[in-house]
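K.L.:
Listed here are the chains, written in short residue letters.
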Amino acid sequence: ETGVTQSPTHLIKTRGQQVTLRCSSQSGHNTVSWYQQALGQGPQFIFQYYREEENGRGNFPPRFSGLQFPNYSSELNVNALELDDSALYLCASSTSTDTQYFGPGTRLTVL
Amino acid sequence: QKEVEQNSGPLSVPEGAIASLNCTYSDRGSQSFFWYRQYSGKSPELIMSIYSNGDKEDGRFTAQLNKASQYVSLLIRDSQPSDSATYLCAVNKDQAGTALIFGKGTTLSVSS
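Chains as they are written, first to last, in the working numbering: chain Z, 1 to 111; chain P, 1 to 112.
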């Protein structure tokens, strides 16, 4: 167990809807990174938050947005859901060094 | 955009054998390298990190890094059926940050 938690575990939405995924980081970690993992692929970096500020973003459109709170927990918001957004969404927490520990993930299905 | 490449497999080995997993990366500036194990339907679990050229051993696992050849590998000795999983190679996106670039993963199957 890494101490990183995510909610919900599974989620089913329809195209065009909006979704919010949540992540609680491991105690002592101030950095949260979000990844999208499509079936059969490696995780793809969405963005990272360090001390409540966005600290890097991957090749994802602006309808993917995030937030980090003072307790270092984080949210990932996706607007105008598309079928291709169906994936496992992973949250990873770390300190300012670069070893990342993943939560259990949220499986999002868009119908 | 940095690229990390792995043979998708499946790699099949008998129980007790050595499994060798390989990964190449394109950006010479990459500084940190990681191997994660992912069981079907689960999230990635960190196995090893390596930062310097050479070998790093942890139990049955050995990571090897050759920055000149831009190559990193993972050896699993005395492979067990419980080692059957997808192994993901990951590289830091840049020197200062912690965003990771992953390969697609290699599926390992260990038969008893």
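What the hints contain is simulated information worked out from the structure, not anything from laboratory work. Just so it is clear, CB atoms sit at the ideal spot from N, CA and C, and this is done for glycine as well. Hints are not guaranteed to be accurate.
In silico SDA-like cross-links for lysine to any residue, where the CA-CA straight-line distance does not exceed 20 Å [claimed, not checked]:
hint : chain 1 : residue 1 : chain 2 : residue 2
1    : P       : K104      : Z       : T5
2    : P       : K42       : Z       : A38
3    : P       : K42       : Z       : F64
4    : P       : K42       : Z       : L88
5    : P       : K42       : Z       : P70
6    : P       : K104      : P       : G59
7    : P       : K42       : Z       : R15
8    : P       : K42       : Z       : Q6
9    : P       : K42       : Z       : T109
10   : P       : K104      : Z       : S86
11   : P       : K104      : Z       : A87
12   : P       : K42       : Z       : T14
13   : P       : K42       : P       : A17
14   : P       : K42       : Z       : T5
15   : P       : K42       : Z       : S24
16   : P       : K104      : Z       : D84
17   : P       : K42       : Z       : S65
18   : P       : K42       : Z       : L67
19   : P       : K42       : Z       : R22
20   : P       : K42       : Z       : H10
21   : P       : K104      : Z       : P70
22   : P       : K42       : Z       : A80
23   : P       : K104      : Z       : Y101
Here are some chain P residues the structure puts well away from chain Z; computed CB gaps all over 12 Å [unchecked claim]:
hint : residue
24   : E15
25   : G59
26   : S82
K.L.:
Take the hints in turn and mark each one as holding or not.
P.N.:
Hint check results:
1. Proximity of P/K104 to Z/T5 is assessed by CA-CA distance (about 24 Å); at most 20 Å being required, the pair is judged violated.
2. Simply put, P/K42 and Z/A38 have alpha-carbon atoms about 13 Å apart, close enough for the 20 Å limit, and the pair holds.
3. The straight-line distance between the Cα atoms of P/K42 and Z/F64 is roughly 23 Å, outside the 20 Å bound, and the hint therefore fails.
4. Restraint check for P/K42 and Z/L88: the C-alpha separation of about 9 Å stays at or below 20 Å, so the hint holds.
5. Restraint check: the Cα-Cα separation between P/K42 and Z/P70 comes to about 28 Å, which exceeds 20 Å; the hinted pair is violated.
6. Taking the CA atoms of P/K104 and P/G59, the gap is near 25 Å; set against the 20 Å cutoff, the hint is violated.
7. With a C-alpha separation of about 25 Å, the suggested pair P/K42 and Z/R15 falls outside the 20 Å cut-off, and the hint is violated.
8. Distance hint between P/K42 and Z/Q6 is fulfilled; the C-alpha atoms sit about 13 Å from each other, no more than 20 Å.
9. For the proposed pair P/K42 and Z/T109, the alpha carbon gap of about 16 Å is at most 20 Å, so the pair holds.
10. Only pairs whose Cα atoms come within 20 Å are accepted, and P/K104 paired with Z/S86 is accepted, the gap being roughly 17 Å.
11. Using a Cα cut-off of 20 Å, the hinted pair P/K104 and Z/A87 holds, with the two alpha carbons roughly 15 Å apart.
12. Taking the CA atoms of P/K42 and Z/T14, the gap is about 24 Å. The hint is violated against a cut of 20 Å.
13. Simply put, P/K42 and P/A17 have alpha-carbon atoms about 25 Å apart, too far for the 20 Å limit, and the pair is violated.
14. Distance check on the hinted pair: P/K42 and Z/T5 sit about 13 Å apart at the alpha-carbon level, within 20 Å; holds.
15. A threshold of 20 Å between alpha carbons decides the hint, and for P/K42 with Z/S24 the separation of about 18 Å falls inside it, so the pair holds.
16. For the proposed pair P/K104 and Z/D84, the alpha carbon gap of about 18 Å is at most 20 Å, so the pair holds.
17. A threshold of 20 Å between alpha carbons decides the hint, and for P/K42 with Z/S65 the separation of about 24 Å lies outside it, so the pair is violated.
18. Straight-line distance between C-alpha atoms of P/K42 and Z/L67 comes to about 25 Å, which puts the hinted pair past the 20 Å bound.
19. Restraint check for P/K42 and Z/R22: the C-alpha separation of about 17 Å stays at or below 20 Å, so the hint holds.
20. With a CA separation close to 12 Å, the supplied pair P/K42 and Z/H10 stays within the 20 Å bound.
21. The hinted pair formed by P/K104 and Z/P70 fails the criterion: a straight-line CA distance of about 34 Å is larger than 20 Å.
22. With a CA separation close to 27 Å, the supplied pair P/K42 and Z/A80 exceeds the 20 Å bound.
23. For the hint linking P/K104 to Z/Y101, the alpha-carbon distance of about 18 Å falls within 20 Å, and the restraint holds.
24. Non-interface status of P/E15 relative to chain Z is upheld: no Cβ of that chain comes within 12 Å, the nearest being about 26 Å off.
25. No Cβ of chain Z approaches the Cβ of P/G59 within 12 Å, the least distance being about 18 Å, so the stated non-interface status holds.
26. The claim that P/S82 is not at the interface with chain Z holds, since no C-beta of that chain comes within 12 Å of its own (minimum 17 Å).
In this structure, the earlier hints numbered 1, 3, 5, 6, 7, 12, 13, 17, 18, 21, 22 are contradicted, and the remaining ones agree with it.
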